[in-house]
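If you're matching them up, the sequences are chains G and W in order. Each residue of the first sequence is one higher than the one before, starting from 1 at the first, in the numbering used here. Each residue of the second sequence is one higher than the one before, starting from 297 at the first, in the numbering used here.
No lab work stands behind these hints, which were simulated from the structure alone. Think of the CB as a built atom: it goes at the ideal place given N, C-alpha and C, for glycine as much as any other residue. Honestly, I wouldn't trust all of these hints.
What the simulated footprint calls covered on chain G by chain W, stretch by stretch (three residues with Cβ under 8 angstroms from a Cβ of chain W suffice, anywhere in the stretch; the number is not a length) [to be verified]:
{"hint": "1", "stretch": "192-202"}
{"hint": "2", "stretch": "274-285"}
If you anchor each label on the Cβ, the simulated ranges turn out as follows [what the hints assert, rightly or not]:
{"hint": "3", "chain 1": "W", "residue 1": "T584", "chain 2": "G", "residue 2": "T197", "range": "45 to 51 angstroms"}
{"hint": "4", "chain 1": "W", "residue 1": "E507", "chain 2": "G", "residue 2": "G29", "range": "55 to 61 angstroms"}
{"hint": "5", "chain 1": "W", "residue 1": "S342", "chain 2": "G", "residue 2": "G182", "range": "43 to 49 angstroms"}
{"hint": "6", "chain 1": "W", "residue 1": "N482", "chain 2": "G", "residue 2": "E190", "range": "49 to 55 angstroms"}
There are 2 protein chains.
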Amino acid sequence: MALAKAITLVENRKKDYKNLLEGIYPLTGKALKIGITGSPGSGKSSLIEKMIAGLKAQGLPIAVLAVDPSSPLTGGALLGDRLRMIQHSNDANVFIRSIANRGHLGGLSLSTHEIVDLLQASGKEIIIIETVGVGQSEVDIINVADVVLMVLNPDSGDEIQIFKAGIIEIADIFVINKSDLGGSDNKIGEIRNYFATTAKPPQIFATSVKENKGISELLAGIKQFQQEESGRIDEKRANIKRNYVEKIVAERFREEMRLDSGIADMLQTAAAANPFQLADRIVQKLKTGGIHDKKN
Amino acid sequence: MALAKAITLVENRKKDYKNLLEGIYPLTGKALKIGITGSPGSGKSSLIEKMIAGLKAQGLPIAVLAVDPSSPLTGGALLGDRLRMIQHSNDANVFIRSIANRGHLGGLSLSTHEIVDLLQASGKEIIIIETVGVGQSEVDIINVADVVLMVLNPDSGDEIQIFKAGIIEIADIFVINKSDLGGSDNKIGEIRNYFATTAKPPQIFATSVKENKGISELLAGIKQFQQEESGRIDEKRANIKRNYVEKIVAERFREEMRLDSGIADMLQTAAAANPFQLADRIVQKLKTGGIHDKKN
């Protein structure tokens, strides 16, 4: 309950959210963050349900964060809705939360990172971050996850083309889900082929939620990645942190822009102004009169 | 040719790109910007091909910008590849270009806006901006387009759920493409129903590229929107410009962060640092020692 409240406070940028984040910071950094991406309909939510069952058997406190890029306008939460229906949602050891991309510049990844930190601080040892679609949201997963799973289906045709265009490269582990449909070997072959010249090709697993197959192998594969690629995970975490610091800096300036009534007035004139000159004036104003300027 | 070179210069942030953008600014603001979004496979590219044919008949210089969110890592350009295959690509009056989302914080919309400005300055009167997928990229279209078209298909099932979660609300005009498949009336009914309580519901058109139906009606609908909703377009343009100024400000600080070797050194220590204290120190450094600080 306290965790859910803390997340809402941070998401809504309520008073003291910064103190809260700074306060819990020493408690972060320990959990394994598993990012899961794949197109809608690839069966990510039910796969996660099975993964949770396996992880619970290991006695690990788990959190699932569904990052839903569906809407910046209404803050849709389709993934979360789907997840809430699954069997573990009443389990005290499994915390499930969905967050929406609010279309805020850089907002998705900043608050995702923050919520992951709150989950870590509350003692969750495994944090699963699920996202959907094609585009920026997958990429944001790089900015929080230690290991990224890409979920495909044996019969996925169109999306493999899209994945090949680059998103495929963020994946550490491939999962051919719905393997009961048949044809996973072909898909595995395609992926192997794509990585034929890669020194360390990613692991590939075939899973079936329906037939309850391949899930324990997948969990073992994740554990193996965690153990054998700890250098790579450390490197990822250093990048994630650098990125986080840059985003905090950007947000501080954005916040100053919002809070500075002089700048708000300047922005009101934007329609008629030369945007470059106006930007210059705002930069100067932020540098000389900002609320974070300790000299004042 | 000069236009293509100018776009590359701006996209790659080559020396003098800022002077170029500032120089062409007085020539911008006149074109009609049409944003087109919809899921992969909804037939956007072939619809655009037909729209171009209709617009060319009116003697208008046209540009198509395909914003491809596929990859920040390799900069995939699927939409552009598809567009380049269409018949107008050798036509001097039709300029086609694809740009990739490089995963740069705010980068997509900033450079999209800039390229739209270059196209306007070069005399293009109609600029079509195409994007694909579900998520941030649709939303970025709001940050450049005067009118947003949402392309659906009569048989689209899963995506309507996603669209309903909020993306639907950015659309000014709905297009039920592939109407030859049958069932467009149902889809039109669903959309009407969704907007039943809206004071000014969006226009809806059924189109078929295969049967060459509904395209001229769609073009007339866009023209009607341009004429009857000029107040709304002005309001959109004011928001777009405010947003653009805010992004220029954010980019100037990011640029300073990149160029300041002291900050680069500070970021190198991020893995071991408290991110909030480090961000504070960087904010201070940007305020006192930044390259844009005219006092120095």
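Exercise for the section: With 49 to 55 angstroms as the target window, see if W/N482 and G/E190 comply at their CB atoms. Expected result: Since the Cβ atoms of W/N482 and G/E190 sit about 36 angstroms apart, the hinted range of 49 to 55 angstroms is violated.
Problem - Range hint 55 to 61 angstroms (beta carbons of W/E507 and G/G29) holds or violated - result: 60 angstroms, holds
Handout entry: 8 angstroms C-beta criterion, at least three residues: is the stretch 274-285 of chain G covered by chain W
Key = holds (count 9)
Practice task
Confirm or reject the coverage of the stretch 192-202 of chain G by chain W under the rule of 3 or more residues with a beta carbon closer than 8 angstroms to the chain's beta carbons.
Solution key: With 0 residues in contact (Cβ-Cβ under 8 angstroms with chain W), the coverage given for the stretch 192-202 of chain G is violated.
Problem - Cβ separation of W/T584 and G/T197, checked against the hinted range 45 to 51 angstroms - result: Cβ of W/T584 to Cβ of G/T197: about 49 angstroms, so the range 45 to 51 angstroms holds.
Handout entry: Status of the given 43 to 49 angstroms range, CB of G/G182 versus CB of W/S342
Key = 32 angstroms, violated
Consistency note: the structure conflicts with the earlier hints numbered 1, 5 and 6.
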